[in-house]
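Protein chains in written order, with the numbering used here: chain D, -13 to 351; chain Y, 189 to 524.
Any given hint could be a false lead.
To be verified - If we take Cβ atoms under 8 Å as the criterion, some of the chain D residues that face chain Y in the derived model are:
id	residue
1	Gly11
2	Gln193
3	Leu257
4	Pro262
5	Pro329
6	Glu330
What the hints assert, rightly or not - Covered stretches of chain Y (in silico footprint by chain D; criterion: 3 or more residues with CB under 8 Å from a CB of chain D, positions within the stretch not fixed):
id	stretch
7	341 to 347
8	374 to 380
What the hints assert, rightly or not - Result set (DMTMM-like, lysine to aspartate or glutamate): computed pairs, CA atoms no more than 25 Å apart in a straight line:
id	chain 1	residue 1	chain 2	residue 2
9	D	Lys273	Y	Glu384
10	Y	Lys297	D	Asp280
11	D	Lys142	Y	Glu343
12	Y	Lys461	D	Glu149
13	Y	Lys327	D	Glu278
14	D	Lys132	Y	Glu392
15	D	Lys273	Y	Glu343
16	D	Lys273	Y	Asp271
17	Y	Lys390	D	Glu278
18	Y	Lys461	D	Glu278
19	Y	Lys461	D	Asp103
20	Y	Lys327	D	Asp280
21	Y	Lys315	Y	Glu343
22	D	Lys273	Y	Asp412
23	Y	Lys250	Y	Asp271
24	Y	Lys461	D	Glu157
25	Y	Lys390	D	Asp271
26	Y	Lys461	D	Glu201
Source of the hints: derived by calculation from the structure; they are not laboratory data. Glycine included, each C-beta is placed from N, C-alpha and C at the ideal position.
Next come the chains, spelled out residue by residue.
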Amino acid sequence: MSVVINERAEPAPTERGEPLVSLRGVKKYFPITRGILLQRHVGDVHAVDGIDLDVFPGETVGLVGESGCGKSTLARVVMRLYEPTEGTLWFDGQDVTKVDGKELRVVRRNMQMIFQDPYASLNPRKTIGSIIGEPYHLHKMVARAKVKDEVQQLMKLVGLNPEHYNRYPHEFSGGQRQRIGVARALALRPKLIVCDEPVSALDVSIQAQILNLLEDLQQEFNLTYLFIAHDLSVVKHVSDRVAVMYLGKIVEIAEGPTLYEHPRHPYTGALLSAVPVADPRAARDRKRTILEGDVPSPIDPPSGCRFHPRCPRSRSLASADASVSEAWMPRCVADEPDLTTQPEGQLAACHYPLETRIIATDPAG
Amino acid sequence: MPVPLLEVDDMRVHFPTDDGLVKAVDGITFSIAPGETLGIVGESGSGKSVSSLTIMGLLDRKRTQISGRVLFRGQDLLELPDDEMRTIRGAKISMIFQDPMTSLHPYYKVGAQIAEAIIHHRDASKKEAMNQAVEMLGKVNIPQPRDRANQYPHEFSGGMRQRAMIAMALALNPDLLIADEPTTALDVTVQAQILELIDSLKSEFNAAVMIVTHDLGVVAEYCDTIQVMYAGKIVEYGRTDDIYYRPHHPYTWGLLGSIPHLGDDSDRLNPIKGLPPSLINVPSGCAFRPRCPYAFERCSIDVPPLIPTDGFHADACHLSLQDKDRIANEEVLSTS
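Please put together the full structure from these sequences, using the hints given.
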């Protein structure tokens, strides 16, 4: 397979220091084939389609978007579980796009992942002691005799009872299992932890416990998180910066409060207005932008701005403008917008960004 | 008060197991009026799903000890023989399940699954039932309903499957719709679509709705009344505004404190400490005592009764009303 790599400048150190993770023009396509013997290549799933992103040490970058927008694929590319189809990936100053074998194993020591489903991500036939201790055996960082002590330390750290060392995953509740997942991710004291929907499967009360735990651990070990979720309120709560993804592209990146106060991309606006508010009066008063339909197929993404078929703003501008006869603004259908700097400092990819907040103020906030 | 559609009176559901008796639901009493939306909120294992399954008559009565009364239009559903229950289930009371991925049959076309209930209850011909199924799919905003009715569940996205489930549940114009965590498996955008849909169809069909959820944030907009459940009992019951603006039970405070708020930048959430209790050995006195930061001696001795404070809004907690109002205002509502 021939791969064209875009020549892009190596990420330059900024006033925030050198980024820990840096993505430049990263794409990940999955080929679709037809036929049994002669597999013809008939198309691609454009799961991640050109992403530039920097994650600085000690910060939490949130990634939000609906199912099928490519956020989990991006996480797996960052973890180098997938090799990117195009683009470059830097980790800690090193180009890791192509490393493999022993070299990759050394890089992996510094990046760990917490998975969504605490029921499926733990081997049911292993005790939790051996699940949490496995990274030590794989990377031979701790002497065999000391592993048990280390594991019990970790268990204490994440709020598990160290006496449960020999129990099996089925003896734990969902929240406790997620703590086991956190302990396993922490074992090698990584620099980066990629959290892929770590709390989506949990009850709200337990969800809050895990979010607080992740925050405490970040302070204690100076961890960097890439935090993925579909719930904007959770992402905004934990993140310093939030990136909104739609169909394989980042459509807006901003600091949490800016994103909430001044969303510029209509998709961000719609996501914000879909977040449930635990305040019946405010909830009844606010105007909701309900997005119609589902995310389109990433096999053949829409032309121009990928969001235009569902975009309420492009549609209302087009109907207000007498010179436009189509359902959407022609520019949205023809040109793909680039990420540009907005007055409030964030980046957004939209030809007609939102001017004012479209949701009612939360009086409690 | 209008005449209630459904009255649940001291319902208890106990499961005998090898480890002991699991008291999943332990004496709950509530009612739903026609056109009302009731939210049932609580953590996993608080008995909310078992309550809805009992009302639907979906538990195996041979292996379960069920007592109390479930009056639907004055008729006790717990006393009904299976074949009579079958005429009510699906037609008068229907249910939307949590997981749209597993609750549709993968081998049958979506339209046929919706038509099946219509044929069974209405003596309709296959063709009439199919037409009605297509019409229902259109009502739940599925584009090209005629083509979609001829597809299999795997060809639907998660949100569309949940819509198909709603179409199925509402096809026979039921009086009561039970939605058990209808949006938990879905994206927030789709969640908003589904809740709006349930709400608008509710007024169109004039049905009563019972929404079961673990997230107080989800139901704020849509419920008239809310009951909070913990360890098989109702711990607080009231109008939606009572629960959000004047919550009285420490467990309700915990649930409210666990929700991250978009508009607020405080760093910490105030989750409930610990885990829900085992339903075999429920703590003595108040079941919430081990996790309650305000517990005092009396809480370990007496089980607090569910007492209304203003005729309607009721809670089961030993704290005095002044203390509850003070703590709620100073520590709970101010931070959320």
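Evaluated hints:
1. Gly11: Cβ of D/Gly11 sits 27 Å from chain Y, so the hint is violated.
2. Gln193: It holds, given that the least Cβ distance between D/Gln193 and chain Y is near 7 Å, below 8 Å.
3. Leu257: With a minimum Cβ separation of about 7 Å from chain Y (threshold 8 Å), the hint on D/Leu257 holds.
4. Pro262: holds (4 Å)
5. Pro329: violated (21 Å)
6. Glu330: Violated: closest Cβ of chain Y sits about 16 Å from D/Glu330, beyond 8 Å.
7. 341 to 347: It holds, with 3 qualifying residues against the three required.
8. 374 to 380: holds (count 6)
9. D/Lys273 - Y/Glu384: holds (13 Å)
10. Y/Lys297 - D/Asp280: At roughly 21 Å apart (the allowed maximum being 25 Å), D/Asp280 and Y/Lys297 satisfy the hint.
11. D/Lys142 - Y/Glu343: violated (46 Å)
12. Y/Lys461 - D/Glu149: holds (20 Å)
13. Y/Lys327 - D/Glu278: holds (14 Å)
14. D/Lys132 - Y/Glu392: violated (67 Å)
15. D/Lys273 - Y/Glu343: violated (32 Å)
16. D/Lys273 - Y/Asp271: violated (47 Å)
17. Y/Lys390 - D/Glu278: Within the cut-off at roughly 20 Å; holds.
18. Y/Lys461 - D/Glu278: This hinted pair is violated, its Cα atoms lying about 39 Å apart.
19. Y/Lys461 - D/Asp103: Given that 25 Å is the threshold and the Cα spacing comes to 22 Å, the pair holds.
20. Y/Lys327 - D/Asp280: holds (17 Å)
21. Y/Lys315 - Y/Glu343: holds (23 Å)
22. D/Lys273 - Y/Asp412: Judged against 25 Å, a Cα distance of about 20 Å means the pair holds.
23. Y/Lys250 - Y/Asp271: OK: Y/Lys250 and Y/Asp271 at ~16 Å, within 25 Å.
24. Y/Lys461 - D/Glu157: holds (19 Å)
25. Y/Lys390 - D/Asp271: holds (20 Å)
26. Y/Lys461 - D/Glu201: holds (16 Å)
In summary, the numbered hints that this structure violates are 1, 5, 6, 11, 14, 15, 16 and 18.
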